[in-house]
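This is what each chain is made of:
2 protein chains.
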Amino acid sequence: MIQPIITISREFGSGGRQIGEQVAKTLGLPFYDSTLIDIVAQKSGYSLEFVAENDQRITKSMLFQFAISGSVPPWLNGGKDITNRDTLFTAQSKVIRELASQGGCVIVGRCANYVLRDIPGHLSVFISGKLNDKVKRCTAEYGIHPDAAEAEMIERDRNRANYYSRFTGEVWGEAKNYDLALNSSKFGIEGVAQIVLMAAQKL
Amino acid sequence: MIQPIITISREFGSGGRQIGEQVAKTLGLPFYDSTLIDIVAQKSGYSLEFVAENDQRITKSMLFQFAISGSVPPWLNGGKDITNRDTLFTAQSKVIRELASQGGCVIVGRCANYVLRDIPGHLSVFISGKLNDKVKRCTAEYGIHPDAAEAEMIERDRNRANYYSRFTGEVWGEAKNYDLALNSSKFGIEGVAQIVLMAAQKL
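As they're listed, the protein sequences go chains F and L. Each number in my numbering comes from the position in the first sequence (counting from 1) with 256 added on. Each number in my numbering comes from the position in the second sequence (counting from 1) with 256 added on.
Simulated from the structure, these hints should not be mistaken for laboratory data. Check before you lean on any hint, since a few could be wrong.
Heads up, the list lumps identical chains together, so a pair's fine if it works in one copy or across two of them.
PhoX-like mimics (lysine-lysine), calculated; alpha carbons at most 25 Å apart, straight line [to be verified]:
id	residue 1	residue 2
1	Lys458	Lys281
2	Lys392	Lys350
3	Lys386	Lys458
What you are looking at is a predicted structure, and each value in this text was computed from that prediction instead of being measured.
Chain F extracted, bound-state conformation (with noise of 0.2 Å):
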């Protein structure tokens, strides 16, 4: 079987990274998320900061300025010409083409389920979750109080939906934009991760 491409897209609080991290560890693959931002930052001249501080959070003031500037922001650390407000989605996009050129892995987030779209072997997967399981992962790994997580998860797929629809055109979280949604509050992280690797079987 030909290693596959998993791309893992989730609601915020949702599992979704545990689970690909689970998928990524039984079939022996890389698995890709923040590491992706690192490089990024070094192939396309950002500062680790910037990327890391913008990734998801690229307002719309910030890219319309970029718009009609055309120049680096005086924040942007390093100095490649940034001519548009694409820019950073291309370089992603780049690497996340580069990564998948390598062969089998698993990558959360970064729209990677829309950047390759077309490259066989991949597998592109969704994952929601209902309110109070959210707001007890939240609280439970990330450490946000409880009466702060819903309103922290708003704001997170918000931003998600955001960045998702402008750089992709599609809607975020729309089941027919992704090969395979499933609910981890209905099958529990264990149980998505074993439907993920029996869809993956299946390509």
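Add chain L to chain F, keeping to what the hints say.
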């Protein structure tokens, strides 16, 4: 294992009905499609008043027999056809709940995933597919001319989305509203059916 109640929502032409039939056959469960639900709801003359007044008369077994035979029982012949959409949805929902109360089954369409959202042992599934594959299926199975297939699909899916949104307040086809969503172009009808069966075992 308790027999699952599996509801299937689907894009027009995605093969969702075939998948539902195959899953039902494998599990030895009854299969109900939206046409059947409509016939039961329409011909039974389930006005809101009728439902309220005759609730005790409409036993589960009577309705089950009705659904299986597809014929109008004599005790319902006096009913009026339902023309009001809200009333029809109420009638459809009642039929769906009654059918599900009989035990394991597969139900396609009519917002059954929403109607049965709190029922234990319920697995809600959404099926999508790539445009080209859906066009082929529409042409081969429904006899729709290829030139007209895409417009027909768009129209049908728009109607489904509007209907779903109106009666559930949710977004049709949004991954988080289903336990499991699958792309039939990726896995094929047989592959999707196998994944659904595996997921049902994990309930």
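Going through the hints against the structure:
With identical chains, the CA atoms of lysine 458 and lysine 281 are at most 25 Å apart both within one copy (19 Å) and between copies (21 Å). In the homo-oligomer, the alpha carbons of lysine 392 and lysine 350 never lie at most 25 Å apart, since the shortest distance is 35 Å inside one protomer and 34 Å across protomers. Taking the closest pair of Cα atoms, lysine 386 and lysine 458 come within 25 Å of each other only across two copies (17 Å); inside a single copy the shortest separation is 28 Å, beyond that limit.
When the structure is compared with the earlier hints, a violation turns up for hint 2 alone.
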